[in-house]
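K.L.:
Throw the hints in and build the complete structure from the sequences for me.
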Amino acid sequence: MEQLNKIQLKAEILTVISKLQTLSDASKVDEIINVLEAQENKKMILDLLMREFVKTKEDKAFIISYLMLKLCEKEQLENALWTSLKSPMVSDYNKALILNLLRDMGNQVNYNDIDEYFESPEEVIDSETKELLHTAIMNPEAQIDFLDFLEALPYQDKLTLVESLGDDYSEDALANILIPVFLHDPTAKIAKVALEILSKTKSQLALHALEEAAQYVEEDLLPPIKRGISALKLSGVREDNSLEFYKDVLSDSRPYECYTSYPDGHGNQSLIFSRERDDESIQFVAVVTNDKWGIVDCFGFNNITKEEFEKIVERFYGDNESVYINQTVLKTLLVNAENTVHKNGEIVSYEYICWRNLTADIAPEPVPIEFIMEDKFKKEALSQGDFDKICLSDIAQKWFLDTDFSDEFADFITIINKEYKKENYDINLDRAIEDNFDELFNKKEHKRWTKRFLMSAYLKYLANEKAEAQRLYSLYFDEKFTHEMLVNIVRKSIYEYYMGLKFRIKEASETTNIFARNREEVKSEFSMDALNQIIGAIEDKWVKD
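Here my numbering is used: the first residue of the sequence shown is 1, the next is one more, and so on.
Read the hints as simulated data drawn from the structure, not as lab findings. If you're wondering where the values come from, they're calculated on a predicted model, not measured in any experiment. Note that the Cβ used here is the ideal one computed from N, Cα and C, for glycine as well. Be a bit skeptical, because a hint or two may be false.
Claimed, not checked - Here are the simulated lysine-lysine pairs, PhoX-like style, with alpha carbons at most 20 Å apart:
| id | residue 1 | residue 2 |
| --- | --- | --- |
| 1 | Lys502 | Lys418 |
| 2 | Lys247 | Lys192 |
| 3 | Lys398 | Lys247 |
Stated by the list, open to error - The following label-pair restraints were derived from C-beta to C-beta distances:
| id | residue 1 | residue 2 | range |
| --- | --- | --- | --- |
| 4 | Ser27 | Asn241 | 50 to 56 Å |
| 5 | Ile32 | Glu380 | 38 to 44 Å |
| 6 | Thr22 | Asn532 | 24 to 30 Å |
| 7 | Val335 | Ser235 | 28 to 34 Å |
| 8 | Asn532 | Glu73 | 36 to 42 Å |
P.N.:
Below you can see the structure in the form of structure tokens.
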């Protein structure tokens, strides 16, 4: 198998982590990591994984731990962990993760004598940091490196660093550095310090950021933001000219290729945006969005070749179908996802805040999708034959519910499990689905699903697959077939749930793999014989040859 260079390998690792985060079928793990397993330079893999591990949050920590244990030599891994444990650049939180992993690997760790590992750096600001901050104006990767460093510091050292920036930088350069600190989580203590400094920068970028935040923050945060806006205007910053600033920063490049996937059963879409410079090098960002949660994940590269970009796109989408879209459509999808995050009262990752600047000179699509589709297609009745074609289409094969992502589906599985525990394998599942339909698909969830049908229709239209677009557009308006589609999705999901449970039990009995061993689903309420009877009954009812 092809041996990857460092940039390609980093892209593959980030893609693998993203896929494992949403994986519901453990049987797919080996397939997902096969490219990494085939790499000869395991030391490079370890270096890249450790770079992610020392800045990771809880949701990714277990997956990265698994990958390191699976792919790296034990001695090299232990040495890397001990080195990071002693590094002042690693946060206390991540050092705790490192200690736990060392203990799991059999190392003797005395938790009563670990204070020496948790000392803060004596000098927060050095020449390398200052150089990094200068570079961050033009390079999102460098900006993120600085923010990773800042995030790892104890609060007092964060405060020292942020306050010191006000002495070293002015106006737009200073604002560009501090805006992600503020916008990432405006409720954080360090964000409030950043807000005070931004208010004094005389920067158009600061004015734009504060006016943006004023649109979505809670009422208690509005007064200091409004005071900051007033201070900027009194200092002479009357207009928001941030667009002109970023147009100048981006002037040596132009939008290149943009892609999206179709929405899956969780509402996830994988987006790719790129820019081409005059020297044909590529800036690239990949974003995973979700119609319920907004921005889910984000990573990018500031300088890669076209060949590397093509390989990243191929690996990022894998077997999933992607659609080539223009930059205005992609910008619209990103803006909608951002708005969803804010409506939920959640925070936007600082990685995304940095990378989104690559799209600063692009305007969203001004016409809503509903109006575009209404203009291009008719509200035709959907026939049974056309409905069957949708059910058999590639995009519909990705439409599933599972217990990890849907509490309602988990509750439903609990209901039918009660019958199966009584050995009632002939339970009327169709009746159970209808009886619980309104709980499985409440008004908000039902609307999200119909919007997924509409988005799929729109993307088929953009892909110039007009017949498929018309079918999906008709489904969007057809209450009867929408209901039937959702029922079919539940049927498939029930079958996949028990098939997955059977596989995981079988795998757990045959492996000591840490990733499989720690999955909750392995703790089954059913014997293998009972599962075979459940699956057999479902196949007799629903599964066609």
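K.L.:
Next step is simple, just say for each hint if it's right about the structure.
P.N.:
Cross-check of the supplied hints:
1. At most 20 Å may separate the alpha-carbon atoms for a hinted pair to count; Lys502 and Lys418 meet this at roughly 18 Å.
2. The suggested pairing of Lys247 with Lys192 is violated, with an alpha-carbon distance near 28 Å, which exceeds 20 Å.
3. With a C-alpha separation of about 39 Å, the suggested pairing of Lys398 with Lys247 is violated against the 20 Å cut-off.
4. Under the hint 50 to 56 Å, the C-beta atoms of Ser27 and Asn241, about 54 Å apart, fit the expected range.
5. Checked against the given bound of 38 to 44 Å, the beta carbons of Ile32 and Glu380, roughly 40 Å apart, stay inside it.
6. Distance hint check: the CB atoms of Thr22 and Asn532 are about 28 Å apart, consistent with the given range 24 to 30 Å.
7. Against the hinted window of 28 to 34 Å, the Cβ-Cβ separation of Val335 and Ser235 comes to about 29 Å, which satisfies the hint.
8. At roughly 40 Å, the beta-carbon separation of Asn532 and Glu73 lies within the given 36 to 42 Å, and the hint holds.
Hint violations for this structure: numbers 2, 3, all remaining hints satisfied.
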